[in-house]
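**Q** Sequence:
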Amino acid sequence: MAQPYIRINQFEANYSDVGVKSATGHVNFTFIDGNGVNKGTFGANLKNKDRPSGVSNEESDNRRKIDAKSPHHFSYAKLSSNDFTNALKYAQKAHHESSIGNMKYALACGNCVDFGMQVFNQTTLGRSQLPNYLQPNTAVSIYANLSNALCSGDNYQIKEARKVVLTPNRWRPEQLPNWAQPCIDAVVPTTISGGKWLDTKSTDAWDVAKHFTMEQGTCELEVQEFVVKNLTVASPIVINLDGCGIKTTSIFDQSVQFDLLGIGHNVTSAWIMPTSGFLVYNKQGIDNVTSVNDLFGGSERMEGFFKLVDLDKDKKGYIDKNDKIYASLRIWVNHQMDGISHAGEIYTLQELRC
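The opening residue of the sequence shown carries number 1 in full-length UniProt numbering; numbering runs sequentially from there.
Don't take every hint at face value.
The list that follows gives simulated cross-link-like pairs (lysine-lysine, DSS-like), each with its CA atoms no further than 25 angstroms apart [what the hints assert, rightly or not]: (1) 39 <-> 78; (2) 69 <-> 21; (3) 65 <-> 39; (4) 283 <-> 321; (5) 78 <-> 93; (6) 313 <-> 324; (7) 247 <-> 307; (8) 69 <-> 49; (9) 49 <-> 21; (10) 47 <-> 69.
What the hints contain is simulated information worked out from the structure, not anything from laboratory work. No experiment lies behind these values; they were computed from the predicted model shown.
Construct the entire structure; sequences and hints are all you get.
**A** Rendered as structure tokens:
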């Protein structure tokens with residue numbers, strides 16, 4: 001008799017024309033016993049015409065996604081017979097409770113990742129190990145790490161432990177436990193399709209994770225520290241204009257959408273106050289900024305200065321009006337602080353006496 005295992009089925013966030021579209025990605029769990037028999041594939045999802053809200057058997061749904069060539073990844077957690085039995089019983093119980101309306105899907109602390117963490121919690125692996133079986137730097141793996149700090153208790157939305165329930169037009173509190181107040185804002189406007197965030201069609205993993213946590217109103221310090229520690233670094237050169245130092249907003253309190261990573265779509269970022277401006281390289285003679293590619297910066301610290309050094313053709317260690325590049329440099333002062341370059345926001349160095 002072989003060792004039983006759980007296959008972790010991870011479907012990536014996908015907005016391409018190939019495969020099933022998904023803004024967040026999805027994960028579910030296939031149980032294979034010691035005889036190689038498939039005992040079912042269980043996952044948590046929103047209600048549709050084929051399933052109730054909560055946990056359902058998603059075997060046929062997986063086949064449909066794979067046949068459509070949706071990007072996916074499999075990993076395997078080998079278990080003892082006892083751990084396998086406990087995890088399977090939990091998944092089957094969750095399926096039953098969902099079918100009679102006692103378990104419901106919730107975007108924060110009650111989604112497909114949270115269900116998987118509770119499946120793992122029935123084994124000696126424990127819930128904290130699930131991120132190790134997920135593809136790194138994807139929305140579901142990042143959320144799994146955040147969930148360890150954000151979501152407490154050995155439960156998945158069961159009756160009295162229910163935290164929040166997603167309804168067609170709003171977040172509605174149901175017996176919110178003390179730990180969740182005020183860290184989950186139960187009145188954040190959203191819709192069953194994901195609200196205005198999905199309109200940006202960003203599948204950037206951090207945008208997805210931040211939507212699940214920060215934009216839903218969490219004030220959990222552990223979550224904020226995790227996000228700050230793991231955020232992708234971007235290093236555009238910023239010039240202070242009022243002599244009082246560069247001031248920025250917090251990504252948790254006031255953020256913007258801008259292609260700060262040069263990946264072709266906007267990501268959520270903190271922003272500078274309009275008392276400072278971004279140094280712009282106006283290569284095409286058009287005063288417009290659409291991404292970090294128009295600025296001096298990149299994914300490495302100091303990268304913006306290294307790019308500027310390359311333009312110092314006479315290697316004197318600074319750039320002034322005698323350099324040819326001087327006429328192509330601009331400063332973008334985003335007065336509206338919205339990540340969009342408006343008319344009148346882009347200045348020559350001479351205009352700002354730089």
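**Q** None of the hints should be skipped; say for each whether it holds.
**A** Hint check:
| no. | hint | result |
| --- | --- | --- |
| 1 | 39 <-> 78 | holds, 15 angstroms |
| 2 | 69 <-> 21 | holds, 11 angstroms |
| 3 | 65 <-> 39 | holds, 20 angstroms |
| 4 | 283 <-> 321 | holds, 16 angstroms |
| 5 | 78 <-> 93 | holds, 21 angstroms |
| 6 | 313 <-> 324 | holds, 9 angstroms |
| 7 | 247 <-> 307 | holds, 24 angstroms |
| 8 | 69 <-> 49 | holds, 23 angstroms |
| 9 | 49 <-> 21 | holds, 18 angstroms |
| 10 | 47 <-> 69 | holds, 24 angstroms |
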